[in-house]
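Using the sequences and the accompanying hints, generate a full structural model.
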Amino acid sequence: MATEAKMLAALDRASNTIGKKRVAQADPAKLCEYYKEIRPLITALLPLIKKIPVYGAKIAQIVEFLMLLADKVCPAI
98 MATEAKMLAA LDRASNTIGK KRVAQADPAK LCEYYKEIRP LITALLPLIK KIPVYGAKIA
158 QIVEFLMLLA DKVCPAI
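In the numbering used here, the protein residues as written are 98 to 174.
Hints listed in this document are in silico derivations from the structure and should not be mistaken for laboratory results. Predicted model only: the values in this text are computed from it and were never measured. Among the clues, some could well be false.
Here are the in silico distance ranges between beta carbons for each label pair [claimed, not checked]:
hint, residue 1, residue 2, range
1, ILE156, ALA106, 18 to 24 Å
2, GLU130, PRO150, 31 to 37 Å
3, LEU105, TYR152, 17 to 23 Å
Quick reminder that beta carbons are idealized off the backbone N, C-alpha and C, glycines included.
Here it is in structure tokens:
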């Protein structure tokens, strides 16, 4: 349970990070900066996402794909 609590805390931090920024108005460099900030949190959340019944594994697969795209666009990470 402590691990799930850490994952939920990571979810809150990631949500707060992107929720407070004006992501839609950010330039690509700023978006990469935001991504760099939340990437470790997303990675920590993947095991929790995978536990979602029925669709979790598929959702996690899509998130991993999007992270791969972001990694290619923001290679300095």
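Status of each hint after checking the structure:
1. The hint said 18 to 24 Å for the Cβ distance between ILE156 and ALA106, and at roughly 20 Å that hint holds.
2. Range check, GLU130 to PRO150: about 35 Å between beta-carbon atoms, so the 31 to 37 Å window is met.
3. For LEU105 paired with TYR152, a C-beta distance near 19 Å keeps the hint of 17 to 23 Å intact.
Comparing the model with each numbered hint stated earlier shows that all of them hold.
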